[in-house]
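Letter by letter, the chains look like this.
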Amino acid sequence: MTPQQALRDINGVITRTIAAGLCNQQNFPALRNTGTLRSEIYIQGSPDLSISLRDIPYEDIYTALDKGGAFNIRMIDGALIQMCYTFYRNKITSHRLCVFPSPFLHIFEAAEEEYERDELFADIVGGYIVRVPVRFDFSDNPEEHVDVHHPKSHLTLGQYKGCRIPVTSPVTPTRFMRFVIRHFYNPALSRITFDNEAERRVLPETITANERRIAFFTS
Amino acid sequence: MANVIWGTTTKPVSSQRLAEIIQASQDTDGTLYIGYPVLGTPDGAFPFDGILLSPQHGIIIFDIVEGRDLGDYEGRQDNFFSKLQSKLIQYPALVQRRILLANIVVLTFAPVAAISTVSSSDYPVYSDERVIGFISSIDWAHPEVFPALAAAVQALSNIKKGRRRRDIQQPDSRGAKLQRLNDSIANLDADQGAAVIETVDGVQRIRGLAGSGKTIVLALKVAYLHAQHPEWRIAITFNTRSLKGQFERLINTFVIEQTNEEPDWQKISIVHSWGSPSSPAGMYYIYTKSTGITYYEFGAAKQKFGGGQEFSGACAEALQVVPEPQPPYDVILVDEAQDLPPAFLQLCYRFLKPPKRLVYAYDELQSLTNASLPAPEELFGADARGRPLVTFAPDRPGRPRQDIILERCYRNSRPILATAHALGFGIYRTGGLIQIFDQAQLWLDVGYRVVAGQLADNHTVSLARTPETSPEFLESHSPIDDLIVFRRFGTSEEQDNWLVSEILKNLREDELTAEDIIVINPDPLKTRKAVAYARSRLYTEGINSSLAGVSGSPDIFFEPDVITFTGIFRAKGNEAAMVYVINAHDCFESFHPTGLTRVRNQLFTGMTRAKAWVRVLGIGHQMDALIEEYTRIRENNYTLTFTYPDEKRRQELRIVNRDMTKTEQDRISRRINELSNVLEALEHGDVRVEDLPISVRNRLRDLLG
Numbered sequence: 001m002t003p004q005q006a007l008r009d010i011n012g013v014i015t016r017t018i019a020a021g022l023c024n025q026q027n028f029p030a031l032r033n034t035g036t037l038r039s040e041i042y043i044q045g046s047p048d049l050s051i052s053l054r055d056i057p058y059e060d061i062y063t064a065l066d067k068g069g070a071f072n073i074r075m076i077d078g079a080l081i082q083m084c085y086t087f088y089r090n091k092i093t094s095h096r097l098c099v100f101p102s103p104f105l106h107i108f109e110a111a112e113e114e115y116e117r118d119e120l121f122a123d124i125v126g127g128y129i130v131r132v133p134v135r136f137d138f139s140d141n142p143e144e145h146v147d148v149h150h151p152k153s154h155l156t157l158g159q160y161k162g163c164r165i166p167v168t169s170p171v172t173p174t175r176f177m178r179f180v181i182r183h184f185y186n187p188a189l190s191r192i193t194f195d196n197e198a199e200r201r202v203l204p205e206t207i208t209a210n211e212r213r214i215a216f217f218t219s
Numbered sequence: 001m002a003n004v005i006w007g008t009t010t011k012p013v014s015s016q017r018l019a020e021i022i023q024a025s026q027d028t029d030g031t032l033y034i035g036y037p038v039l040g041t042p043d044g045a046f047p048f049d050g051i052l053l054s055p056q057h058g059i060i061i062f063d064i065v066e067g068r069d070l071g072d073y074e075g076r077q078d079n080f081f082s083k084l085q086s087k088l089i090q091y092p093a094l095v096q097r098r099i100l101l102a103n104i105v106v107l108t109f110a111p112v113a114a115i116s117t118v119s120s121s122d123y124p125v126y127s128d129e130r131v132i133g134f135i136s137s138i139d140w141a142h143p144e145v146f147p148a149l150a151a152a153v154q155a156l157s158n159i160k161k162g163r164r165r166r167d168i169q170q171p172d173s174r175g176a177k178l179q180r181l182n183d184s185i186a187n188l189d190a191d192q193g194a195a196v197i198e199t200v201d202g203v204q205r206i207r208g209l210a211g212s213g214k215t216i217v218l219a220l221k222v223a224y225l226h227a228q229h230p231e232w233r234i235a236i237t238f239n240t241r242s243l244k245g246q247f248e249r250l251i252n253t254f255v256i257e258q259t260n261e262e263p264d265w266q267k268i269s270i271v272h273s274w275g276s277p278s279s280p281a282g283m284y285y286i287y288t289k290s291t292g293i294t295y296y297e298f299g300a301a302k303q304k305f306g307g308g309q310e311f312s313g314a315c316a317e318a319l320q321v322v323p324e325p326q327p328p329y330d331v332i333l334v335d336e337a338q339d340l341p342p343a344f345l346q347l348c349y350r351f352l353k354p355p356k357r358l359v360y361a362y363d364e365l366q367s368l369t370n371a372s373l374p375a376p377e378e379l380f381g382a383d384a385r386g387r388p389l390v391t392f393a394p395d396r397p398g399r400p401r402q403d404i405i406l407e408r409c410y411r412n413s414r415p416i417l418a419t420a421h422a423l424g425f426g427i428y429r430t431g432g433l434i435q436i437f438d439q440a441q442l443w444l445d446v447g448y449r450v451v452a453g454q455l456a457d458n459h460t461v462s463l464a465r466t467p468e469t470s471p472e473f474l475e476s477h478s479p480i481d482d483l484i485v486f487r488r489f490g491t492s493e494e495q496d497n498w499l500v501s502e503i504l505k506n507l508r509e510d511e512l513t514a515e516d517i518i519v520i521n522p523d524p525l526k527t528r529k530a531v532a533y534a535r536s537r538l539y540t541e542g543i544n545s546s547l548a549g550v551s552g553s554p555d556i557f558f559e560p561d562v563i564t565f566t567g568i569f570r571a572k573g574n575e576a577a578m579v580y581v582i583n584a585h586d587c588f589e590s591f592h593p594t595g596l597t598r599v600r601n602q603l604f605t606g607m608t609r610a611k612a613w614v615r616v617l618g619i620g621h622q623m624d625a626l627i628e629e630y631t632r633i634r635e636n637n638y639t640l641t642f643t644y645p646d647e648k649r650r651q652e653l654r655i656v657n658r659d660m661t662k663t664e665q666d667r668i669s670r671r672i673n674e675l676s677n678v679l680e681a682l683e684h685g686d687v688r689v690e691d692l693p694i695s696v697r698n699r700l701r702d703l704l705g
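Going line by line, the protein sequences match chains S and W.
Under this note's numbering, the residue at position 79 of the first sequence is numbered 79, and the numbers go up by one with no gaps.
Under this note's numbering, the residue at position 128 of the second sequence is numbered 128, and the numbers go up by one with no gaps.
Derived pair list, reagent style DSS-like, types lysine-lysine, alpha-carbon separation capped at 30 Å: (1) S:K67 - W:K267; (2) W:K289 - S:K67; (3) W:K83 - W:K267; (4) W:K505 - W:K529; (5) S:K67 - S:K161; (6) W:K526 - W:K302; (7) W:K353 - W:K267; (8) S:K67 - W:K529; (9) W:K302 - W:K529; (10) W:K526 - S:K67; (11) W:K353 - W:K289; (12) W:K302 - W:K289.
To list a few chain W residues with every Cβ distance to chain S over 12 Å, as calculated: (13) P42; (14) R97; (15) L352; (16) P354; (17) E575; (18) R671; (19) L675; (20) E690; (21) R699.
Just so you know, these hints were derived from the structure itself, not from any lab.
Where a beta carbon is used, it is the ideal one built from N, C-alpha and C, also for glycine.
Taking the hints into account, I'd like the entire structure generated from these sequences.
Here it is in structure tokens:
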């Protein structure tokens, strides 16, 4: 996948999410050179993304990301979506695809009607809410890859440092977004359609034979 | 004739005497402020005993003496003078070649002191009417800077700062016009001044049309009270979350102007009415925590008290608690009181220390059905013996006013406001008036004047706004047909495409910025879907937009470089230079008469968000009909001419258009459907009229009358 293809893919995903009425606010992705034959897709405004890795309460992480504009999409229920890629010689060298649910609001499933009707007080929420951030990471750097323990493409649930569920290959923006909508916005699944070609595009596999022996995801 | 505004004073008797003398003088114009302004100095807040802001003579400072002893009056006069001068000289508009253009004169007023031997021309002292002669003799070479002088004294010079300066290339672009509109100097008018400065040891009501400056007035009031009474605990609360950011910014600016320091945020609380454990605290939440009673979040409240009654049910239950809580606040100010249930106002009343200083402000005619809120006797209930807890005494001279009306609208131009009212009430509607209120006087209160006929039952009357109540500068920047545009489309795609192309034009040619534009969809239930297409198209054009909603920072309505799309509820309290109301055809009619009130109200609210230009867009024949109704308004030159309905007709209108909950509406819908089915059966002959028993036929006849 070339940088231009990835950029088009991300923009297409954002446009369709807006058109489906699921995106309240968004920030444009942008492409820049970072060295000889190297480039990256980042979030316009260059917000600081590292805060999500710090050891502070999730509410603070979410608030900092939100206020800092560190997202491509803010979903209808407050979840923040980030999509960043790096490239070398027009091939993906790493990616970071994240969902940060809002710790302050009900998830879309639980309060679909309130969100749709734009209930003014939908944010008056008392219950103790538990939210799990979800991250698809990829790096083709051989120094980072440890067979089974640190697969090249992996899925992390929550902020567990040790959680690296192997994924068969790097994930495209469309397939990532499809995953997010299907599993976290299921009531709205039929409402949004993605570009067929983009959806079918799967990147070359990076998973090893050993990694296939434990539970893994097909991207 | 001067008017007098009463702030906090420690010299009531002498001040009263001064006010009487000033008001008795026919030739003395301007405003006499007692206990105002409070200036920020290096030593902190510095209150003045009194000043006269005079368009002819400049500013006259009064050093007021309550008793017999003049004391070091020369020193005091020096002090007043230098404090004010050092403040005013900071405003470039008041200075020319390092010389202050504002005229500052100081005198001592001491009605009961013995002064016969002391008066000199350098340090004048007066005790009676001769002070007028002195004032009249003051010469001022630069009366043209009076607006800038007033703005500086009223701490309003800085509120427009902090917004980005626009990059204006063409002198006549929309951006340039808007810049000029924003730059027009803000002065408080007499009613606003009174609302800011006069505070009652009891309940005070401030009402006015949307756009009459209530938010700024309340913020100034908080700043003034905080400067005068730094030990008081002050709270300001409201319904629309996005007001929080506005209030924080304004109060911060005004307190710094008046005390030269940041506010003591331990003493000032800016809180939403409801609140929750995770969001910043709200008044109701704080109340439940202090009494230890159950706090209801939205979902739980809906379950227990029913849809539409969530907040009022929660507050009503909180009020049942005994014993009453320990009240923490000295003053509570409530904005948007028309959107808050009476139970909430009663809750605030309980939460105040004696003498229960509650200031509640609301938009008059917001609901368009009646005076927006019941009278205070009804609103606050009665004590154990049935006596109302709160009544308003008639105004007395020398006493702060309990009931203040702001009749000037500073946001909407006359054509926009009159159109919004005409459509809201259905003045020129083919089917007749939709709603009207009992107190005809309200029209005058909110700034309409009778230009023909009589404002009385069964009489024809023509009402219009005047340049006094709707400043001309709001409409003179553009031709009327550019101020208001109604447009009809065949399909929603056509509408959205036109909207997008207009927005692109606004940004790329008209020199407007994204924050100058709001797009409003009147029906809150359909907004999300209705705006999706336009927003996605804007995204592909590289224009960022957001859908105002609960997921965003609820306390912020505008983000830089982002066009705000919103449903009608979240638009309340906000304004923008260019407003697009889309799908307005939904507002023309409604299947249920009760719905008609609501949709016309939505159209009213949408249109009155516009500071400069409004575009009302819609689809199909409903939109044609709406445009027809607007054309009649325009042909009448934005004057409202109609026959005032009598009591009987007003009753009818009230019943037909009464507010209903969703359950009631559904129930009525079902019954009407059932009845329609019966009628169909009769018409088709499935059931013959003769088949109906005589008793049934009689009952029908009686009911239909």
